[in-house]
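Asker: All chains, full assembly: derive it from the sequences and hints.
2 protein chains.
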Amino acid sequence: MTQKFVYFFGNGMAEGRADMKNLLGGKGANLAEMTSIGLPVPPGFTLTTEVCTEFYKNNNNYPASLAAEVASHLAEVEALMDRKFGDPTNPLLVSVRSGARASMPGMMDTILNLGLNDTTVQGIIAQSGDERFAYDAYRRFVQMYSDVVMGMDKHSLEHLLEQKKEQRGVHLDTDLSATDWKELVAAFKERIKDELGTAFPEDPQDQLWGAIGAVFGSWMNPRAITYRRLNNIPAEWGTAVNVQSMVYGNMGDDCATGVAFTRDPSTGENYFYGEYLVNAQGEDVVAGIRTPQPINRAKATNLPPMEEVLPECYQQLAAIRSILEKHYKDMQDIEFTIEKGKLFMLQTRNGKRTAPAAIKIAVDMVAEGLIDEKTAVKRVAPEQLDQLLHPSLDPKAEKTVIAKGLPASPGAVSGSVVFTADEAESEAKTGRKVILVRVETSPEDIHGMHAAQGILTARGGMTSHAAVVARGMGKCCVAGCGDIKVDYANQIFTARNGVVVKKGDMITLDGTLGEVMLGAVPTVSPQLTEDFNTLMKWVDGIRRLKVRTNADTPYDAKVARQFGAEGIGLCRTEHMFFDAERIAAVREMILSDDVEGREHALAKILPMQKGDFIGLFREMKGLPVTIRLLDPPLHEFLPQGEKDIEDLCKTMKVPVNALKHKIDTLHEFNPMLGHRGCRLGITYPEIYNMQVTAIMEAACELVKNEGFSIVPEIMIPLIATVKELSVLKQNAVAICDETIARYGVKVEYLIGTMIELPRAALTADEIAVEAEFFSFGTNDLTQTTFGLSRDDAGKFLPFYVDNNILPEDPFVSLDQKGVGKLVKMACELGRATRPNIKLGICGEHGGDPASVIFCHNVGLDYVSCSPFRVPIARLAAAHAVLG
Amino acid sequence: MTQKFVYFFGNGMAEGRADMKNLLGGKGANLAEMTSIGLPVPPGFTLTTEVCTEFYKNNNNYPASLAAEVASHLAEVEALMDRKFGDPTNPLLVSVRSGARASMPGMMDTILNLGLNDTTVQGIIAQSGDERFAYDAYRRFVQMYSDVVMGMDKHSLEHLLEQKKEQRGVHLDTDLSATDWKELVAAFKERIKDELGTAFPEDPQDQLWGAIGAVFGSWMNPRAITYRRLNNIPAEWGTAVNVQSMVYGNMGDDCATGVAFTRDPSTGENYFYGEYLVNAQGEDVVAGIRTPQPINRAKATNLPPMEEVLPECYQQLAAIRSILEKHYKDMQDIEFTIEKGKLFMLQTRNGKRTAPAAIKIAVDMVAEGLIDEKTAVKRVAPEQLDQLLHPSLDPKAEKTVIAKGLPASPGAVSGSVVFTADEAESEAKTGRKVILVRVETSPEDIHGMHAAQGILTARGGMTSHAAVVARGMGKCCVAGCGDIKVDYANQIFTARNGVVVKKGDMITLDGTLGEVMLGAVPTVSPQLTEDFNTLMKWVDGIRRLKVRTNADTPYDAKVARQFGAEGIGLCRTEHMFFDAERIAAVREMILSDDVEGREHALAKILPMQKGDFIGLFREMKGLPVTIRLLDPPLHEFLPQGEKDIEDLCKTMKVPVNALKHKIDTLHEFNPMLGHRGCRLGITYPEIYNMQVTAIMEAACELVKNEGFSIVPEIMIPLIATVKELSVLKQNAVAICDETIARYGVKVEYLIGTMIELPRAALTADEIAVEAEFFSFGTNDLTQTTFGLSRDDAGKFLPFYVDNNILPEDPFVSLDQKGVGKLVKMACELGRATRPNIKLGICGEHGGDPASVIFCHNVGLDYVSCSPFRVPIARLAAAHAVLG
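Protein chains in written order, with the working numbering: chain A, 11 to 893; chain B, 11 to 893.
Everything labelled a hint here was simulated from the structure, so no lab data went into it. Be aware that a few hints might be false.
Identical chains blur together in the list; that is why a pair holds if it fits in one copy or across any two.
[Said to hold, decoys possible] Below, simulated DSS-like cross-link-like pairs (lysine-lysine); rule was C-alpha separation at most 27 Å, straight line:
1. K414 - K512
2. K756 - K848
3. K443 - K672
4. K827 - K739
5. K175 - K94
6. K388 - K556
7. K614 - K309
8. K174 - K739
9. K513 - K670
10. K495 - K309
11. K672 - K805
12. K350 - K94
13. K672 - K653
14. K733 - K67
15. K733 - K805
16. K443 - K409
Owing to the predicted nature of the structure, the values given are computational and were not obtained by experimental measurement.
Answerer: The following block contains the structure:
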């Protein structure tokens, strides 16, 4: 059997179908489908993507049978249209369009009016009775073809056009006459021959094969190659070519062209939304020279709608809208043309839509019986929900972008600039909205971050301190904004373009795009609709994976519960150490030279930590709470600046030299790989002992006094060897059991570990002997697996992503090949030792849809993410089930 | 069949054998063996280690059959000795000794003279005709037994003994009479009853079972448990108990006791080496109260040798020496006692020996036909060779240790203290020997490290900069010496005990022990003997694994070749960047803001790098040379101190602010995980381009002009993803091919990568598509797999090792469970993609014997280590084959 390379469509019959996108490209497949279901589509045919593949495989030669297939299908089109390609009196004109599986900017797009020459133009004049129309179409064809097929510099022809207008003393193309266009066609051809040394092809067959060759050639042009590289599209996919008979929306006032959506793509409302222009070509609608008119009276406007101007065509189009929605069962984006009162469909595809529209359309379509709930859930992309959960810039507002950084935490906020956390707090107390601008933030800045509307940092990546904390708070943040230079001394920052922003100046941040703007740009508020709730109910019915949240305070916990969190997957106890009241005791502990001194200081912190845990347990009402024991190195709790050191010495009544010596002793070259996590617990057991006591006393008190049911999950961080865990677990169990006995209650508890070092994953079978749960700390696991500091990666990671050396930032979306391999291995090893081990993830990846799907697939029990990403994770978890 | 719990030996017959150490313990097995081969061993029996295991398994109860077995074997001993245990007139006395598989301090050792009481002592008086001897033996038994079996405070009895001497007005035990001892025995027993409330057991059977119980009980005492934990000895092994009839070396001048080695354990010379004392007990030889005499005239001495004093016994002993060596085929360490002219053997075991002795004995024994070459190779421990390759402290010299640090690089050196690299260099030029003392070293100190005899640092671990560079240079280094506090300003350092050492003071370092001593302690030089060369020839005939060296200079390469290196496994090109001439150009490169500026600066470095490679290639004479492209982050090449910054600004004529800003920009939180390795190559391709050009021009020139045969191996560091490697390989191949074409020669080359990040190991199948070789950079791989910075680990790693949380420093010996799992995985994945991929290791582990054996087992092609460890690696590689 010979391979079929060309697929015909026309007159209600098509060889292709909508599901043949891989072979026919998106455009070709949908033209065939529309034809099959009886819609008026100008007849034509599609050269398959396999032609493209064969072409490159065979050293730029077409398959032998192609020419005959094209000729026979062209004859079918001629028969249907009752015109002949190249015929002097009744010529057929065609368009030639590329159409790959995925839309691909950078490739040749379209050539219209193909088949025109000095002879056939006479036939068009005869057909249309409009000489000016015919020569205008002709000159457009020559311009377009010479540009994209022949490689002519298009400015050269435009220059001739300008000269002609000057000659005629007119300003607009529309003021030129038929004769002017005719003369220009001749002048264009002459100039082409002069410049290229080749004549413009007169033979329509030459024109057709030239255009087909240009489409296939453009598949390998540098722009297309770059686009494919950046979007991971394999070169083997190839492109298809669509050859279709021309129809015209610009042959008079009974002609029109337009685009429409079967529902409002912005709100999702169920009405027919579209725009059209009378006597115009498709390109005029998007070009913006004339203002398009609405197709109907659904929304009030002054312009006459198509519903009134061309009522019959409109009724036909409205009927088609209904057919298309019933057929595709999704909102469609369509293009149409009306030639002399006759409607033609030129394109249909699933329409892009905003997040609110996606939700409304999905929920409505279930009510209408068009789709089921599972399909509705799949129709909303998890990433889209982010738009819903934060304010966003008013899309109609003007904005002056002065710098671009990383989109670290979404939302849009305005405020006046401050440069220190203390200022942020004091200004906020007076009711002013402020943006905290720092080179980078540290845990000491948390109160200022709380007080500010948003945070802008010059350094740091997507998982820098500023980014992680801001996301946790649901606060807008632009991080790692290398475009700005912060000058604390002069209380200014300078943007790359030289704009200087002073303290007190108003700026706006868009944390979703990473943009910094001058002034206060208006924003629109998020709204969680009834439809949203309906959809999320379906989501929860589908997903297997539980979704917890990372929360350190009762407030965070409360927000997360509202977003549907089913527990706390990560409570970072060190955040509780920075509170003003406590930091003094923490520092006293660090500066103590012996166990007694440290225990004395820790005893002061104990009641406060206990209070924290009581608050968290109460808020979570019996849902699981995983509490991580102290993780960061101790030097993070000591001041760094000269003045802060002196202040602290005064407060603590210690000599400056002693404190400096301690800071010096604690200094680390690579704190990320230093004396932290369980290494602190091993060398200073009194710290973890205090924390475990606080956790268990909190739990026992609530159980005893308030009848709570709590199973605290105590998590020991940074385990590399099972021995570390067994030593620390033994200590913790002793304290837990002693506390439980002291209160005389029954409380169960779990002791587990973070898997955040490659060695822990590699030896998870050993570690599971001790660990009752694993929580994958994929932030640190990514850092160590890649050997990549998230705080330093800003210098090269953006370059890596831009140049596709990494497909994406591995701190944003889990690297499944490398880090994911370790996660998978650890799950298998852990379960082999302890079949009922609880498995979760608490890195930033817990809120990234692709990573959530990975977590579902490797069989984790839950993901944990910042409160504002909980709905995203829930939806992604449902998508994971639906596949 | 009932389990047999007791093994008899005596009168030329034994139920045990030397290879039954697991069952009988080392001592019991060898007593049995000696008995079987006809040597005079006092008869006795061994309670097996299984008794111990059963004892603990059954809640501290002995197996039911044990008592009967002991009784029947005791009867056999009685029959052979013609004495009866507990008999008033002709009593048998026994010793009870523990004996585990491995020698274990912390356990009960020995009880002598067991069976004595007020009745049997009369029998001993009758047997020996020496009342004083009998009561002396009796009181010793009471002291020993009450101490180790009954838990009596021994000072209490010693106090009574002192009182008695005062009473009698004498100073020495030997001045006390039979009556004195008799009275003391009574007084001892009374005191024991007073203090413990229990009478001293009079029944010899009670004594025997008490002693046996004490041995088994001591297996679980805290000291023994700690020792087992620290030495990874399983509790299940258990200990055996040896019950043996007593013989006495202290019954008169026809009695003696001694220890001997069948060859000189210090030099390995083949003569009978030993010491003895007339009329003495075994403990007197080691106690040092009397000076032992040599057993023969082999080495001149003033004291009468046993050869003359007890010629017959000596001849018998000399014959036994020969029997033992022929039987055990190894040098033996023996204990003997002569009772009234009759020789008894009490112990034999393989003798411990120095490295030179190990080599000489092994080589000699092959010549004597005792062992084959493979056995000889196995007889020398690879670690031992370290002693041979460096000077060591004269073991006879006095030393005042003032501080202890890490034994970072072996050897022993003296010199006067300097605190800067420049001083080290200028002092060394005047011919003075200096020790460079720094808080820590950096690449800028290399010239000073070269000039110094040794290096002492206050901070940093076994793989800190100082340690790694010093080992590479074969230079003595004590690193991470937290005992000293360096005060650069006052040019002093203070040791923990308060000793202040000034600039210019003489100190001595022992890099093998990590000790710092005041003054110049004499040392002895290493000697590589003919025997060494003979042994290494056998080694090379056995091993499969190749051994390369890590070398950055022709000098290093030359030294390594002398030690038998078969190529360079790692040449770190950045070390060439620190040379005074070049660092200026390097800094110019770093400070340039554009590619042109960087290329201009790099062009100055190119000819120098090329010269380096020509030197290396010439030295290695066609052996493979792996060159790693630039690895460290750029900030390592910029000064840090205020003054250095100002100086550099003057030299380079740049404003201080500009330089500071650059330094600030390049600052990293975690340089280990920062902008380094291939990340530099990707973002600044011009740097690697220069280096590749230098490598290939060097190779081409030598091939063209000197007819060399060279296959340079270009190694790209810090690869995490195959994409990084494919981009950099493409650049490198283009330059290589261009250079080869330019010279018009044929040069093959390989391009490969270090596997030093977990992600590289996990995706080694992908990386092997591009990489022609893998070299495991196990230093960094250990850092990232453990999440452990080697520069910071000093704060907790020693604690971890001391407390057996880690069995050993993973930077010294490869962590086979974790890091090794990644290495193994990467080997398998790499070979699956590219079956002939070359695999090696270039981390510090390449010179660690256990790690070398691991490398052999996972099938690497070579290991690479610092020049001075090459012989160690060769020997370890041979051991790996021999298993």
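Asker: Compare the structure with each hint and give your call.
Answerer: We went through each hint and held it up to the structure:
1. K414 - K512: within (18 Å within a copy, 56 Å between copies)
2. K756 - K848: within (22 Å within a copy, 61 Å between copies)
3. K443 - K672: Result: close neither inside a copy nor across copies, 38 Å intra and 34 Å inter.
4. K827 - K739: between (32 Å within a copy, 22 Å between copies)
5. K175 - K94: neither (35 Å within a copy, 138 Å between copies)
6. K388 - K556: Within one copy, since 18 Å is at most 27 Å while 58 Å is not.
7. K614 - K309: Cα proximity of K614 and K309: none, with 66 Å in one copy and 72 Å across.
8. K174 - K739: Answer is neither; intra-copy 88 Å and inter-copy 55 Å both fail.
9. K513 - K670: between (32 Å within a copy, 25 Å between copies)
10. K495 - K309: neither (48 Å within a copy, 81 Å between copies)
11. K672 - K805: between (31 Å within a copy, 13 Å between copies)
12. K350 - K94: Within one copy only: 20 Å inside a chain, 134 Å across chains, cut-off 27 Å.
13. K672 - K653: Classified as both: same-chain Cα gap 16 Å, cross-chain 25 Å, threshold 27 Å.
14. K733 - K67: between (59 Å within a copy, 25 Å between copies)
15. K733 - K805: For K733 and K805, the Cα distance is within 27 Å only across copies (18 Å; inside one copy 37 Å).
16. K443 - K409: within (19 Å within a copy, 70 Å between copies)
In terms of the numbered hints stated before, the structure departs from hints 3, 5, 7, 8 and 10, listed from lowest to highest.
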